[in-house]
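Please take these sequences and the hints and turn them into a complete structure.
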Amino acid sequence: MAQIPNLDNSPLNLTAIREQSQKDLLNIVKSIRGKKCLVIDPKLAGTLSLILQTSVLKEYGAELRILSADPLQTECPKVVYLVRAQPNYMKFVANQIKNDEPKGLQREYFLYFVPRRTVACEKILEEEKVHQKLTIGEYPLYVVPLDEDVLSFELDYSLQECLIEGDTSSVWHVAKAIHKLEFAFGVIPNIRAKGLASTKAAELLNNMQLEDPVNMDNMGMPEIDTLILLDREVDMVTPMCSQLTYEGLLDEMLEIHNGCVEVDASIMGAQQDGKKVKVPLNSSDKLYKEIRDLNLHVVVQVVRQKATSIQQDYAEVKSTNTQSVSELKDFVKRLHSLPEIARHVNLAQHLQSFAAKPSFHARVEIEQVILEVENYETCFEYIEDIIQKQEPIETVLRLLVLFSLTNAGLPKKNFDYLRREILHSYGFEHMSLLYNLEKAGLVKRQESRSNWVGISRALQLIVDIKDPEKPDDISYIFSGYAPLSIRLVQHAVRSGWRSIEELLKLLPGPHLDLKRGVSTISSSEVLPGSVGQQSTDRVGHRSLVLVVFIGGVTSAEIAALRFLSSQEGMGYDFLVATTKIITGNTLLRPIIASSKEGMI
Amino acid sequence: MSSSVSVAAEWDLLSDRFYRRITIYSPLPWSSPATTTASSSGGGSGGVGRLDLSTHIVAAAPFGGPIAAVRDDSKIVQLHSEPSRRRLLLFSSSGHPLASSPWTPHLPRLHSLAFSSSLNLLALLSDGSLLRFHLPDLRPTPSSSPVPLLPPASGGVADAVFWGGGVAILTEDNRVVVTTDIEVDDPHPRELADPGVSEDEQVLCMAVVEPQFVMSGSPEVLLGVGDRVVAVDEDGVQVLGEALEIGPVQRMAVSPNGKLLAAFAHDGRLLVIPTDFSRIIFEYECDSALPPDQIAWCGLDSVLLYWPEVLLMVGPNGDPVQYNYDEPIMLIPECDGVRILSNSSMEFLHRVPDCTTLIFGIGSMSPAALLYDARDHYDKQSAKAYDNYQLISSSLPEAIEACIDAAGYEFDVSRQHTLLKAATYGLAFCSQLRHGRFQEMCKMLRVLNAIRDPEIGMPLTIQQYKLLTATVLTGRLIKANQHLLAFRISEYLNLNPEVVIMHWACEKIAASAAIPDIVLLESLLDKLRLCKGISYAAVAAHADNTGRRKLAAMLVDHESQSSKQIPLLLSIDEQDKALQKSIESGDTDLVYLVLFHIWQKVAVEKNAPLDFFGIINARPLARDLFMTYARHSKHEALKDFFLSTGRLQDAAFLLLKESRELEKNPMASKGSPLHGPQVRLVEQAHRLFAETKEHLFESKSAEEHAKLLRVQHHLEVSTKQAIFMGSSVSDTIKTCIAMGNDRAAAKVKSEFKVPDKRWYWLKACALATVGNWDALETFSKEKKPPGGYKPFVEACIDAGQKTEALKYIVKLTDSAEKSQAYTRLGMDKEAEAAALQAAGNGDELFSRLKFTLGQNALIDTLRDRLSSY
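Residue numbers (full-length UniProt numbering), protein chains in the order written: chain A, 1 to 600; chain B, 1 to 869.
Hints were generated in silico from the structure; no laboratory data involved.
Heads up, none of these hints are tricks.
With a Cα cut of at most 30 Å, we get these calculated BS3-like pairs of lysine-lysine:
hint: 1; chain 1: A; residue 1: Lys389; chain 2: B; residue 2: Lys707
hint: 2; chain 1: A; residue 1: Lys91; chain 2: A; residue 2: Lys43
hint: 3; chain 1: B; residue 1: Lys564; chain 2: A; residue 2: Lys129
hint: 4; chain 1: B; residue 1: Lys707; chain 2: A; residue 2: Lys413
hint: 5; chain 1: A; residue 1: Lys413; chain 2: B; residue 2: Lys784
hint: 6; chain 1: A; residue 1: Lys596; chain 2: B; residue 2: Lys749
hint: 7; chain 1: A; residue 1: Lys43; chain 2: A; residue 2: Lys58
hint: 8; chain 1: B; residue 1: Lys639; chain 2: A; residue 2: Lys91
hint: 9; chain 1: B; residue 1: Lys657; chain 2: A; residue 2: Lys444
Pairwise CB distance ranges, derived in the manner of DEER restraints:
hint: 10; chain 1: A; residue 1: Ala362; chain 2: B; residue 2: Glu751; range: 27 to 35 Å
hint: 11; chain 1: B; residue 1: Gly217; chain 2: A; residue 2: Gly220; range: 40 to 48 Å
hint: 12; chain 1: B; residue 1: Ala746; chain 2: A; residue 2: Ala362; range: 28 to 36 Å
hint: 13; chain 1: B; residue 1: Ser644; chain 2: A; residue 2: Lys133; range: 32 to 40 Å
hint: 14; chain 1: B; residue 1: Glu751; chain 2: A; residue 2: Asn206; range: 53 to 61 Å
hint: 15; chain 1: B; residue 1: Asp73; chain 2: A; residue 2: Lys129; range: 52 to 60 Å
hint: 16; chain 1: B; residue 1: Ser644; chain 2: A; residue 2: His131; range: 27 to 35 Å
Interface residues of chain B toward chain A, partial, derived using beta-carbon atoms under 7 Å:
hint: 17; residue: Tyr592
hint: 18; residue: Phe596
hint: 19; residue: Leu625
hint: 20; residue: Thr628
hint: 21; residue: His632
hint: 22; residue: Ser701
hint: 23; residue: Val729
hint: 24; residue: Ser730
hint: 25; residue: Thr823
Heads up, the beta-carbon is just placed ideally off N, CA and C, and yes, glycines get one too.
Quick look at the structure:
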């Protein structure tokens with residue numbers, strides 16, 4: 001199974017987008033004749049593995065290197081840098097070029113910015129006095145399909161840039177990427193946005209349509225009916241909770257990078273110890289597609305059932321000789337799914353070794369208590385404990401953020417105490433981290449009463465699970481907590497923002513409801529395809545909703561969206577686009593690191 | 001058929017084809033001094049519009065383009081009322097003066113004039129340098145000093161041949177230099193292979209096969225040298241047609257398709273040969289052996305030879321046609337004929353098209369002729385009209401087509417009318433004809449008639465128009481300052497008028513120096529509005545270039561694309577507006593562009609940084625972006641910014657960052673007094689924090705931090721181990737305990753007021769790490785631990801000490817905790833028992849426990865089954 005996902009079943013022609021990206025890249029490589037060394041920044045190298053097999057690049061005479069602070073080792077007379085427009089990478093590039101000089105190496109240097117050249121980066125190249133030596137170009141990669149229903153803008157730092165630094169570059173990028181999609185799939189007639197970055201992105205998108213209009217004359221109906229934009233800031237609660245779906249847990253425990261997890265070969269049942277293997281995880285794996293969004297314990301049952309049924313078939317085939325050829329064929333076909341079953345048995349088993357730990361259960365339990373805002377003291381002591389025990393700082397902060405968010409902050413005494421305990425336990429270098437978290441409103445002093453309970457009641461976020469095996473609501477995702485973000489999406493598609501306007505005011509950032517284009521079919525707030533008269537008018541038509549998360553989205557939330565669209569009577573498909581797929585840890589980790597380095 | 005007889009009477013038969021000479025413009029305005037002075041655009045100086053071909057060096061652009069002339073000072077001329085200073089003159093094909101400018105004195109002698117295909121006027125001087133003039137104003141571009149095309153010491157120009165995209169020059173020392181990029185500002189001349197002309201030989205004539213007709217894509221130059229013809233290109237020289245024994249060639253002309261060559265030999269023979277000289281296609285013996293002054297192809301079927309007063313047209317068969325001229329003429333070859341320019345008229349000589357012959361040919365009974373006749377009868381209300389129709393009803397479509405086509409070939413508007421009318425008569429009976437055929441022709445004729453008007457003076461034939469295309473035509477109209485017509489044609493043909501309006505706007509600005517900004521702006525906007533998506537920034541840039549900054553500022557306001565608007569705002573010094581607009585655009589790259597621009601600008605001024613800080617501090621996005629950028633490479637500037645704008649806490653954090661960077665520096669650690677600077681920075685930060693009461697916590701923390709650094713420094717000195725610096729308070733305590741230095745640990749504890757609860761976690765953990773189980777037990781018995789025995793249990797389990805752990809598990813008071821601990825040790829029975837004991841939430845815990853255990857077992861069996869399978 002390949003890391004590059006199969007996109008044939010996508011609700012949108014994402015294959016075309018990916019092929020365009022392939023073509024653009026190959027054109028760059030082809031345009032530079034002869035042998036060349038292609039130096040790619042580390043993050044981008046991962047992204048490219050979702051677009052093409054890197055071996056293809058080698059066919060065009062390209063040697064591949066990962067950009068680092070070290071001097072470049074290559075025999076090639078031509079060096080092609082393919083890097084995202086980030087200041088630190090510019091310094092690496094400058095250093096490598098300067099390193100070649102005293103050696104008398106006569107090389108030709110090319111620099112392709114991803115997705116576009118920026119003044120700030122070129123300024124650094126100028127200051128480093130290497131700008132003149134470079135032929136500069138652009139590789140306009142704005143969006144990458146991660147799976148048949150998930151797109152990524154590959155903006156790792158979007159959240160901290162928007163929330164802490166005030167750098168809204170990623171908002172422009174998101175708007176530009178959506179506008180590019182509109183060139184292929186038509187102007188999206190309905191936009192709903194919540195949050196500062198999202199409403200800004202919606203405005204920018206509108207401006208872009210004015211400046212550089214998508215010509216709708218030769219296009220049919222727009223393929224995307226509705227665009228929902230959500231800031232991660234609107235719902236920071238959900239990513240702080242431990243994900244309990246199969247995919248979510250894989251990401252939490254093993255971390256999925258570019259649609260792959262890396263595990264010890266021994267875990268996957270191979271003999272070689274110590275060696276790491278990459279396991280691709282996407283919908284091309286049919287079994288994975290079936291189980292990725294289920295709770296881990298349900299996954300175990302499903303996998304077991306599959307294995308047992310094959311075993312029974314095998315027994316039957318062995319004992320009787322009465323099968324027809326077609327029956328045998330059928331059996332052989334099912335045997336083909338065996339590697340998939342084995343793969344997921346191995347992974348699920350591995351996850352279980354984490355998930356079965358009492359500490360994990362204790363943690364999930366305390367998250368529930370915090371969400372229900374029931375027992376302040378218990379929660380406070382739990383957090384105090386894990387700080388004093390010096391558990392990983394990410395683990396501590398996840399709970400602390402969750403605790404602060406649901407309580408609208410901590411009383412000053414507690415706030416200062418816990419902050420001091422953190423500094424004493426993890427070092428004073430985390431002072432700016434605490435300051436930044438406070439600035440971002442994630443961990444702060446209590447100043448007003450919490451409205452979390454109100455929000456949670458109004459949106460029915462806390463729900464009793466009746467039958468965990470046959471869920472009827474998205475709250476199954478977190479065993480009784482329905483993610484706030486997805487509840488908002490649910491409302492947005494069902495009846496627009498108007499019905500929950502008062503509630504939206506309680507959440508951070510403005511909201512916006514836009515209709516665009518002239519020929520909107522219905523003037524009502526109801527989406528075509530949702531339950532109502534529209535769906536009977538246009539039988540069989542499923543409308544497509546693009547849900548964009550600025551600042552990241554968790555696998556669990558995507559699972560909830562998939563669950564929603566699979567529900568009976570829901571006439572819409574969701575396509576998710578995000579700056580990054582996150583977990584609580586991967587959300588906090590860059591903030592912790594950048595704060596420590598004093599870069600934010 | 002009386003009407004058609006007169007038409008054909010003017011035709012001349014050459015071989016089996018008819019030719020006709022159409023007078024397009026006559027008399028030309030320049031021949032009558034009175035009118036020229038009146039309409040002269042030269043402004044005041046009389047006689048600017050006069051032109052005599054015999055005394056001027058003249059160039060005429062193909063496709064009905066303009067005519068340029070400079071008085072030839074190598075000839076003795078009688079000046080009538082003209083000024084003695086020479087001028088460069090520009091006329092339309094209809095002889096209307098378009099522009100004139102004084103010819104720069106003291107230049108080397110002018111060798112020849114020519115037009116490039118994008119209508120720049122080129123003047124080749126005798127020293128081999130080139131001047132280029134922009135139309136319509138004859139402004140020298142890129143500058144008024146000539147660009148040399150020849151290498152030095154080549155002796156100057158002996159002969160030169162221009163074509164649309166280049167020029168081939170034969171130097172006095174018989175070398176050939178070719179320039180193919182004549183349109184660019186710094187052309188790149190290349191010398192071709194040495195043609196091998198010996199000293200006693202003379203180059204008699206020269207011709208060029210244009211690059212588009214040569215396989216290699218570079219031009220081939222033909223030279224008549226002595227009694228041979230050589231073809232010269234970059235790679236070598238080839239002697240051509242030795243077998244043909246032509247003898248010395250005096251004149252040569254290459255046919256419009258580049259395949260044939262007309263050569264006038266020394267013995268008075270005109271030969272037509274393929275350019276590869278493989279054979280003689282035909283030859284004609286002229287009466288005179290004197291070489292003609294001019295030789296030109298008329299289409300692909302005949303060759304024109306001009307001697308003073310005689311123009312001879314020679315075709316492949318039969319007698320040539322002779323025309324007489326009592327004044328000098330100039331032959332201007334076109335793709336489908338030749339224009340003949342004289343002092344008094346502009347004529348067009350071409351082969352009569354087949355469709356026209358069908359209709360007007362004497363005695364023609366073709367369906368087309370009958371249809372034309374029928375219309376005539378119809379207009380006279382004669383019944384013969386219908387008779388004619390009946391005769392041709394079966395071939396009506398082709399007859400109609402012929403009439404339509406023939407209309408297209410006519411210059412005479414009334415004849416176009418009658419031909420089209422004939423076509424409409426037929427159309428009434430015919431439904432098979434392609435829809436729109438008639439309308440298309442009408443459209444084309446309207447355009448053609450409009451541009452042929454003497455006021456415009458572009459005598460294009462329909463074939464030339466099709467070859468030139470409407471887009472290029474509008475471009476040429478613009479170059480003749482005919483914007484209104486160009487715009488109307490664009491509109492009429494549904495072409496994008498952007499180019500026209502843009503050019504108009506630029507010319508308008510250039511020509512309106514005296515008009516106030518507001519008035520000019522209104523008139524510009526009036527027209528710019530006509531074209532959606534037009535770049536206002538480009539017009540504004542032009543306005544700025546012509547020194548109208550205020551107008552530029554007003555114009556750029558109307559630009560909708562920020563990426564075009566902002567750079568321009570910067571170039572016209574509208575920084576504040578640029579900053580504002582860039583922020584509104586949401587494109588951070590544009591904001592950076594403006595920021596760097598302002599930064600660079602103020603950097604040279606005195607109070608620079610403060611002004612800059614003031615500007616950005618008022619705009620959050622600009623401020624935040626500056627901070628982000630400065631964090632990477634402009635630390636000092638950032639600190640200045642923080643301090644000058646009262647962001648003391650941010651400055652303090654910056655100091656902390658610097659102190660950490662010192663710590664990373666190996667020279668600054670290892671327990672030496674070099675820790676001084678690091679501590680000092682932290683203390684400075686502490687004081688900065690203390691200045692605002694909102695940052696009391698940070699201030700205290702920084703104070704503690706400094707204290708910790710000092711304590712750690714002492715510890716490193718006293719233990720002689722550099723293992724403390726950079727660790728946290730908790731880690732310092734743990735290290736002390738692990739080293740067995742309980743006193744130091746206790747001291748740190750009290751100095752930093754470490755809570756008892758944390759103390760227990762730390763000490764238990766540290767003792768377990770070094771495996772000091774006795775000390776751990778002693779510690780547990782010191783007093784009742786404030787947070788219970790959990791730290792002891794966990795420390796032991798984490799260290800894998802089951803027996804030690806069990807000692808403390810029994811002391812746990814919380815049954816749930818107890819159960820969890822047993823589970824971790826794999827003691828399921830005890831765990832279950834403890835869980836049952838747990839009050840209140842016992843049921844839930846039990847079920848969860850059962851669940852996790854169950855899952856474990858289940859998945860194990862599953863795994864076994866599969867691997868055995």
